[in-house]
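Asker: Residue-level listing of the chains:
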Amino acid sequence: MYSQGLIGADGRTEEDEAFLAAFQARIDAEEKIEPKDAMPEGYRKTLVRQIGQHAHSEIVGMLPEGNWITRAPSLRRKAALLAKVQDEGGHGLYLYSAAETLGVTREQMTEELLSGKAKYSSIFNYPTLTWADIGTIGWLVDGAAIMNQIPLCRCSYGPYARAMIRVCKEESFHQRQGYEIVMTLARGTEAQKAMAQDALNRWWWPSIMMFGPHDAESAHSEQSMAWKIKRFSNDALRQKFIDATVPQAEFLGLKVPDPDMAWDESLNDGKGGYRHGPIDWDEFWRVVKGGGVMNRDRIKARRKAWDEGAWVREAAQAHAEKRAARRAGEDAGGKVAAE
Amino acid sequence: MAEATRLWEVFIRPRNGLSHRHVGSLHAADEVLALQAARDVYTRRGEGTSIWVIPSDAITASDPDHAAEMFDPTADKIYRHPTFYDIPEDVGHM
Ligand SMILES: [Fe+2]
Ligand SMILES: [Fe+2]
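From first to last, the protein sequence lines stand for chains A and B.
Count the first sequence with our numbering and you get residues 1 to 339, in order.
Count the second sequence with our numbering and you get residues 1 to 94, in order.
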């Protein structure tokens with residue numbers, strides 16, 4: 001059950017060797033862990049952090065695309081973009097619910113996002129300058145998200161895995177509508193094609209950074225893999241994404257902005273793959289830590305939404321209380337009449 | 001920061017003939033808003049023909065720590081299953 005009331009207020013567990021070994025045995029047997037089950041504190045904390053960041057990314061991710069809804073070039077594009085952005089809001093909500101089963105409240109998570117304490121995907125700190133960016137985000141950013149999310153459908157934590165199944169079902173249209181936008185531009189006038197190439201140039205590197213640091217530098221990866229929160233390493237998923245995406249760019253007649261990109265027979269256990277050039281991790285960390293073009297804007301927009309929505313939340317609460325009081329009054333009145 | 005709004009569990013009947021099934025939860029001030037939010041969050045692609053919303057704190061759940069005494073007693077009652085009984089093949093399908 002997802003109910004907050006059912007989650008032990010203190011998630012403390014006796015973490016002796018036997019407890020940890022028994023937990024690991026459940027994980028190794030591919031058993032799902034459910035909210036009220038005993039779990040190591042580290043497992044719980046890792047999930048709270050990861051699901052929270054994931055939820056924040058969905059919510060903040062609505063902003064760069066929301067920026068273009070009123071300027072979509074046709075009604076068809078506008079309807080699709082509106083539906084996509086609405087889906088992202090839904091993804092955020094499924095994920096917040098999943099995190100709440102671990103004993104963290106929605107209010108705590110919101111507060112951490114607004115205060116800047118909680119992180120979200122660095123990709124959303126880049127600006128959406130042209131309509132081609134909207135297509136490129138659907139194609140690359142949602143494409144990269146899908147690569148990350150499909151293995152999460154088998155995550156050992158039940159509520160997270162179930163949320164991801166819903167999310168993955170909805171994501172496929174996001175990538176396809178994006179690719180269709182880029183394809184239309186790539187087959188358009190010279191100026192439109194240049195616009196598509198320019199968007200690819202700006203979004204390519206941030207997209208492949210979405211998979212996170214290289215395995216050797218990834219601090220929590222090993223434990224997450226052992227707990228089956230993660231199923232594939234950052235580099236493995238990145239490679240999968242690149243191998244899938246380079247031919248898609250070629251199909252469009254666009255060029256991935258990596259001069260070192262080349263087919264390498266030795267990759268993927270000899271099956272071959274595209275070897276990429278060095279990634280600028282300084283930029284990655286700068287953007288994660290708040291130095292991106294849009295970091296301040298994104299949080300400002302979320303704060304504004306929260307503050308300006310306060311009266312709605314308060315009014316709904318007041319109305320609910322008034323109705324409850326009236327009902328209680330009617331019940332009491334009814335009893336008196338019946339006696 | 002605002003006080004917490006009530007948590008609701010959402011159940012959806014995918015189509016007539018099937019039971020309502022738990023799909024997730026959401027926050028809403030009352031049942032009217034909970035139903036509307038459930039419609040928006042959980043049925044954007046024709047996932048259902050009926051929604052139930054139930055305050056999460058109205059649910060009483062069994063305790064996983066007592067799962068053994070709750071559920072293990074059924075494990076040794078194999079005579080509750082049809083395969084426990086020997087019927088000669090000649091009798092045909094039963
Ligand atoms: Fe999403
Ligand atoms: Fe998406």
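Honestly, I wouldn't trust all of these hints.
As a list, the in silico DSS-like pairs of lysine-lysine whose alpha-carbon atoms are at most 30 angstroms apart [as the list claims (entries may be wrong)]:
(1) A:Lys78 to A:Lys304
(2) A:Lys304 to A:Lys240
(3) B:Lys77 to A:Lys32
(4) A:Lys193 to A:Lys78
(5) A:Lys36 to B:Lys77
(6) A:Lys304 to A:Lys228
Just so you have them, the derived chain A footprint on chain B, three or more residues with Cβ under 8 angstroms [stated by the list, open to error]:
(7) 27-39
(8) 61-75
Part of the chain B face toward chain A, derived, beta carbon under 10 angstroms [as the list claims (entries may be wrong)]:
(9) Ala4
(10) Thr5
(11) Leu7
(12) Arg13
(13) Gly24
(14) Tyr42
(15) Arg44
(16) Ile78
(17) Arg80
Rather than coming from a laboratory, the hints here were simulated on the basis of the structure.
Backbone N, C-alpha and C fix where the C-beta goes; we use that ideal spot for every residue, glycine too.
Asker: Each hint needs a verdict: does it hold in this structure or not?
Answerer: Hints versus structure:
1. A:Lys78 to A:Lys304: Since the Cα atoms of Lys78 (chain A) and Lys304 (chain A) sit roughly 24 angstroms apart, the hinted pair holds (cutoff 30 angstroms).
2. A:Lys304 to A:Lys240: Violated. Lys304 (chain A) to Lys240 (chain A) sits at ~38 angstroms, over the 30 angstroms cutoff.
3. B:Lys77 to A:Lys32: Cα-Cα ~26 angstroms, so holds.
4. A:Lys193 to A:Lys78: 21 angstroms, holds
5. A:Lys36 to B:Lys77: Holds. Lys36 (chain A) to Lys77 (chain B) sits at ~28 angstroms (cutoff 30 angstroms).
6. A:Lys304 to A:Lys228: Roughly 38 angstroms between the alpha carbons, so the hint for Lys304 (chain A) and Lys228 (chain A) is violated.
7. 27-39: holds (count 5)
8. 61-75: holds (count 4)
9. Ala4: It holds, given that the least Cβ distance between Ala4 (chain B) and chain A is near 6 angstroms, below 10 angstroms.
10. Thr5: 7 angstroms, holds
11. Leu7: The hint holds - Leu7 (chain B) has a Cβ within 10 angstroms of chain A, the shortest such distance being about 6 angstroms.
12. Arg13: Violated, because the Cβ-Cβ distance from Arg13 (chain B) to chain A comes to roughly 17 angstroms (cut-off 10 angstroms).
13. Gly24: Cβ of Gly24 (chain B) sits 5 angstroms from chain A, so the hint holds.
14. Tyr42: 8 angstroms, holds
15. Arg44: 7 angstroms, holds
16. Ile78: 23 angstroms, violated
17. Arg80: Interface hint status for Arg80 (chain B): violated (24 angstroms vs cutoff 10 angstroms).
Hints 2, 6, 12, 16 and 17 from the earlier list are contradicted by this structure; the remaining hints agree with it.
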